[in-house]
Amino acid sequence: MARKTAKKAPVIMKCENMFCAGCGHSIFDRILGEVLTEMNIIQDTIICSDIGCNHQFQYSMAVDVVMPPHGKMGAALTAMKRVRPNKYCLTIAGDGGAYAIGLGETMSAATRDENVTFFVMNNTCYGMTGGQLAPTTQIGQWSSSTPRGRSIEEHGRDFDVVKVMKNLDIAYLARTTITSPSEIDKTKKAVRKALEKQRDGKGFSLVEVLVPCPTNWGMSPVKAMEHIKNELVPRYEMGEIIDK
Amino acid sequence: MAEILLIKGNEALAEGAIRGGCRFYAGYPITPQSEILEWMGKRQAEVGGVFVQGESEIASVNMVYAARALGVRSLTSSSGPGFTLKQEGIAYWVSAEIPGVIACVQRYGIGDGFIGAGQDNYWQAIKGGGNGDYHLITLAPNSVQENMDMAYESFELAEKWRHPVLILSDATIGQMIEPCEVRPYKEYDKDQLDWAVKGTPIGQPNKIVSDVTYIEPIDEWNEYYLNKCRKIIETEQRWESIHVNDAEICLLAYGISSRIAEGAVRKAREEGIKLGLIRPITLWPFPKKAFSELKNCKALVTVEMNMMGQFREDVILYSGNKYPTYAITTAYKVPKIDDIIAFAKKIIAGEIEPEEVF
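Top to bottom, those sequences are chains A and W. The first sequence begins at 13 in the numbering used here and counts up one residue at a time. The second sequence begins at 796 in the numbering used here and counts up one residue at a time.
Bear in mind the hints are in silico, worked out from the structure with no lab data behind them. Ideal Cβ positions, reconstructed from N, Cα and C, are used throughout, including at glycine. Mixed in with the good hints, there may be bad ones.
[Stated by the list, open to error] Residues from chain W shown here face chain A by an in silico Cβ test under 10 Å; the list is partial:
#: 1; residue: Ser851
#: 2; residue: Arg863
#: 3; residue: Glu883
#: 4; residue: Pro1000
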């Protein structure tokens, strides 16, 4: 049996990423980079950046980028796809950008069934600003702005994109994670499928990926992965929820 | 022979943009500018462009950011509180050097305000509006024809400087109907700009349209940006002078107020009162060169539809505070010729003094 070695980074990755050790963004960017390279669509892809940790893909990926204000990707992608319908228009969003400040734009793009793709990194906090409460922060979870932990009484219920979008007339909705090679493989398949929906003109697609934020969770990278597996995955509906 | 339409100001503005190569429009309904939105809904489909009725002004301004980033001549429009909602997005246009065009059809009032005409967006329009150091290149039409012509040329002006252009109209200009000569269609290729994002093959440098914060060495960019602004100030000042050389009292007014002020100048001259008028066509850059035409001026008077004399502050600033400067402020009412002349007579008689708020 041939010895297994680390796979060479795809051509789209032009340098080392700049994320914290153990951050899920770096793993996702690599997954997306592989899919864009394998589908041979780098030259036909324009990524709409959110603002937050997620935007740092710009420094390590050789792909065209448009960066609107924080959270406004649903609006920007709508315009991008309509003026250049032959391009793949997608975003790598944070959960704060997509579900809090940009929820209106995200939902409007989804309800119009715009032919665009959202990849939302759900790390249950605002990473770049220091781990504050996000819509996805779990009940009972510590955040830097809810030091006694999130409670329904004080902070309201958490946001679950699957509950919100599962009855919409959209092309694709999936939730995955990256806690093991097999989960990474499922994420990669979902990423590819979402982009194929866009290629085929099927409409709106969104893949939420549960990713770790060891820095703001105060955990080692390994513990952070275990936290997703043991605490987050059991609370969420996982897998492909809509596949039209 | 050119086609002449009898057309509303708002419709002329929209048609001027279409003829000028605008192939993307996004907006949200708000009186008194909704005719721009409606006209675009009809016309973009006819010319192969894109019309999006955004879910909000915030979405619309960011749609224009993105469409323009991909190379397409793009417009949004609004009024009053809707213009306020677009300010964040416009600041991003400036920082990313997006040559977008926005029309603000001014309505009167603070907060939600009213749906009738006003000129109380001046501070917001001219002094930035969003965060950071910037002015927008601001055109101030005073007729239906100018609504068309300014929209028609606005995209080239914005592209020339890679800086947004604001057309600061008002409800009266937007709602009134006048004859308007239609301009010929301009051809514009959305692929012609080097900086526009179109997708890049591996091996070539990829393009990023982004707020400057993330990509440029800031000291070099600041120097470049200030030099650009200096050049705009030097080369883009535009104004109209009416009987300014021998004016003893010089009116300053833009938009609908300038139409009334011009009437006041002509009527006053019949009575032997030497009134003149400087009508800024660009509000930024402010046409300060116009003040050099004044030879016998004893006082300046702005005529403006707000309460606090917003425009007067800039007149004091740009005239070097050399003249007593008054304001005739009429809030939501269109000024009257006789009131302007009566005000001038009071100045001549020494019956009024300039105040901070009129």
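Inset, instruction - Return the numbers of the hints above that this structure violates; sort them in rising order. - result: Of the numbered hints given earlier, the structure breaks none, since each of them holds.
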